[in-house]
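Asks: Now for the letters of each chain:
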Amino acid sequence: MKFTDDVPIYRQIEQYIAGEIISGCIQPGQQLPSVRQLALQFSVNTNTVQRALREMIIENILESRRGRGNFVTTDQDIIEKQRQKLIYQSLVAMYSQLHALNISDAKIKECLDDFLIKRRSENGKHDRTKKCLL
Amino acid sequence: MENTIELKNVSYKRNQRVILENINLAVQKGTTIGLLGENGAGKTTLMRSIAGIAKGARGTIKIKNEAGIVERKALVSYTDSLDGFSRGTKIADIVEFYSLVYTDFSNDKYRELSDFLDFGSDQQKLGELSKGMKEKLVISLTLARRASVYLLDEPFEGIDSMTRKKIVNSLIQWKSSEAVMVISDHYITEIAGLLDEVAIIKDDKLIAQEKAEKIREQGKSIEDFYEGLYEKGVQTDDELSKNE
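Listed in order, the protein sequences are those of chains C and R.
For any residue, its number in our numbering is found by taking its place in the first sequence, counting from 1, and adding 164.
For any residue, its number in our numbering is found by taking its place in the second sequence, counting from 1, and adding 979.
Here chain C stands alone, though its shape is the one from the complex (with noise of 0.2 Å):
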């Protein structure tokens, strides 16, 4: 796992245990690996990983049961708002990057609609699973 060293690792963990829980890699209700586990797999020292856990036990998104460990939520609405949340970070990133060249919101709905046909046509050819990796 590789993070980038300019945003705060703790942030690019949560993010990626939210993806990882809404790509169904892990399940709602199941149990986290063991924070030195975590962090094992993560290259990072368990101070990162406990406060990475610690935001997403805030949140409701992990749940925290004393000597057993960290579970995900069985909510299905945490699950989807985190899934709104995602979706709206990229669509963010996304679109200030076209921004960024100046293309139009009209050319950018016309390429992404381009975009989605073309990628049907093609998805026999690929390997939709996702690779889970916790």
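If you're looking for bench data, these hints aren't it; they were derived computationally from the structure.
Just to be clear, a hint being listed does not mean it is correct.
[Claimed, not checked] In silico contact screen, one side only, chain C against chain R (beta carbon under 10 Å); selected entries:
1. ARG200
2. LEU204
3. SER207
4. THR210
5. ASN211
6. LEU265
Don't be surprised by glycine CBs; every beta carbon is placed ideally from N, CA and C.
Starting from the structure of chain C, add chain R where the hints point.
Replies: Leaving out everything else, chain R in the frame of chain C:
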């Protein structure tokens, strides 16, 4: 929060030459801190002073509130370069020596570490080890003590990247959550993820101490932060008074 390491106005001189000047540093329980600076900036002397090996430092050095050298030595595990042993010494004999000298040395922990880092039979002689293997041995010996503070003096110097990764993983896996770890280096990228804080030492002075995530929150990498301070140069008091 409790400070595990506390340095107040620590200075060190050798043969009239200033090596450390007025160092103030506080490190909280459980922190992993990178001590960064160029060669000759004073990193090793600072570590040896904290460990109680370099004698004659002025000012206050406290480890868990203990200022005495004997007490400090019992609390601090420092990466020894093993220069005191002859090239013909077997690894097994060095391990034996460690378990006799340090009451907090755990043979079990040493076995786990040496198996994980995998540097071969303990019947090998010190002189037969490659640089990477010797560093793995040093790390295993250092972390096998149940110490409050681990001081790792440039553990990645001249080490290939596979070995470096293995050592990084051993640090993540075997550092207890209460212990403080100080890692000195002049090359930062590969260990950036390990660090809670960085302290930067330049021209015998500690010029910055900052939380790693706080640096990243400002959109900077630790490397940017370090190089920024080194290149632009923080004006030291001496330089300021010269300009006046």
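Asks: Next, verify each hint and record whether it holds.
Replies: Going down the list of hints, with the structure as the test:
1. Here the hint on ARG200 of chain C is kept, as its CB sits about 7 Å from the closest CB of chain R, short of 10 Å.
2. Annotation: LEU204 of chain C was flagged as interfacial toward chain R, and the flag holds, the nearest CB pair being 5 Å apart, inside 10 Å.
3. The restraint placing SER207 of chain C at the interface with chain R holds, with a minimum CB-CB distance near 5 Å, inside the 10 Å limit.
4. The criterion of a C-beta within 10 Å of any C-beta in chain R is met by THR210 of chain C, whose closest approach is roughly 6 Å, and the hint holds.
5. A least Cβ separation of about 5 Å between ASN211 of chain C and chain R falls short of the 10 Å threshold, and the interface hint therefore holds.
6. Interface hint at LEU265 of chain C: violated, since its Cβ lies 22 Å from the closest Cβ of chain R, which is beyond the 10 Å cut-off.
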